[in-house]
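Given next are the chains, with one letter for each unit.
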Amino acid sequence: MSYPEFLAQYGGRYIDGALITAAQFLLAAALAVVMALIMGVMKLSANPVSKGIAVVYIEFFRGTSLLVQLFWLFYVLPLFGLTFDKFTTGFVAVGLNLGAYGAELVRGAIQSVPKGQWEASYALSMSPATQMRRIILPQAFVAMLPPWGNLIIELLKGTALVALIAVSDLMFEARQINGSTYLSAQAFGTALIIYYIFARFLITPFMRWLERAMARRLGRG
Amino acid sequence: MMEDMSHYPLELTGPDVPMVRFMNVTKRYGALTVLDDLNLDVTEGEMVTIIGPSGSGKTTVLRMLMTLETINSGVIYVDGKPLTHMPKNGVLVPADAKYLRRARASIGMCFQHFNLFPHMTALENCMEGPVQVLGLSKREARERSEELLEMVGMIDKKDQHPSRLSGGQQQRVAIARALAMRPKVMLFDEVTSALDPEVIGEVTNVIRRLVSEHNLTMLMVTHQMGFARDISDRICFFFGGRIEEQGPPDALFGNPQRDRTKQFLSAVKEAD
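In order, the protein sequence lines correspond to chains A and B.
In case it helps, the numbering used here puts the first sequence at residues 2 to 222.
In case it helps, the numbering used here puts the second sequence at residues 1380 to 1651.
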């Protein structure tokens, strides 16, 4: 079978798989960003309970394997009466895992904002929440965008693991097609190319655009 | 050890309530005493300049008044009300965050390194406090801010971000930003120390105007002795965490009484 024939026959399934991967990616990325913001801010909290929760979260999800976490959520939680469908389990595991890495980026970026910014906003009688929301986080965003670009690509690649709990994403389809055709080079090669297109032509340009837009807001554009 | 607070009044009353009163204020960093039992009154509309060698505690005075630093003992009053403490069951206790937020609203501060918000334009910098803290509408805040930017000569740069402004321009915006909160007391902490010599004048001129046209109470820390002498009502010379000598500028600069004051002033004159 020539490669065009292969594509003609299985292209539709790759597209279906790619759409599931895209959905997993977007949901996991949204969850990772939210978790990173909450936990990153909490880790800097003076309140020992808030700080403790953030430390446990970050240590657990950074210190153990994503694949094990995925299996744990999928196979172990039901034993405690908590059952999620596999699609939800997939993006939740990836989002929680990468969110832990993101939390450290958020924490580092907040700490990189000069002390004078805290003092100036304090001198305007702002509450800590207003300081964080209006003054500190907008500047921290700019500082953390480049490392987030890396993390988001890691996250995309991390979503390939959800195939192992039978979410029918791109990797899952590639494995299925390989299993029935034994055309490993074509089956996995096509998946590689699609992952690369996602990372190189969708995510990277978007992150660059975001960096430029943020730099413009600082008047540096 | 807890300080006995019973001899501090809950509120200053009488005909001559000062705008600012430091009462037995001590500040320590570990074993180092930065300010030692400071007593200082500043009357309404007065311009007081603090001078002294580095490490004498002069910047700490301003930072304590802005409540950026906590104090180890004593009480600071602003406009007759305690600033660092709040009344509770008839005695003063250390102020909580909420009380401090309200109390410090009567104080504005300008910093050596300006500390403008880099993600906002000059105008947005000035509007931020009035909108977010005082709850003014955007329109009111803009009117107030534009008026102040006009006064500091920065109205034509109002839509520029700080990164596009010179140090002197940034400091003038920072003064407008602090004034937009309508403080009763303004603090200037070495506001010209980070500036190139040729732009110092544009900042000192703004402060001169404030002194001559407004009845603001001001405390200033500076190394510009000539400027301090011109505009201050009183000079306080700090040494080793205490006021070594204070008086009207002509007396203190022209006829200092204490040896340390004489030494400091002659050392400064040589450096000029």
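Take the hints with a grain of salt, since some may be wrong.
What the hints assert, rightly or not - Quick partial rundown of chain A residues pointing at chain B, CB under 7 Å, derived from the structure:
id	residue
1	E120
2	L125
3	Q140
The set of hints was computed from the structure by calculation and includes no laboratory data.
No residue lacks a Cβ here, since even glycine has one placed at the ideal position from N, Cα and C.
Right, here's what the structure says about each hint:
1. E120: holds, 6 Å
2. L125: With Cβ-Cβ at 4 Å, under 7 Å, it holds.
3. Q140: Cβ of Q140/A sits 6 Å from chain B, so the hint holds.
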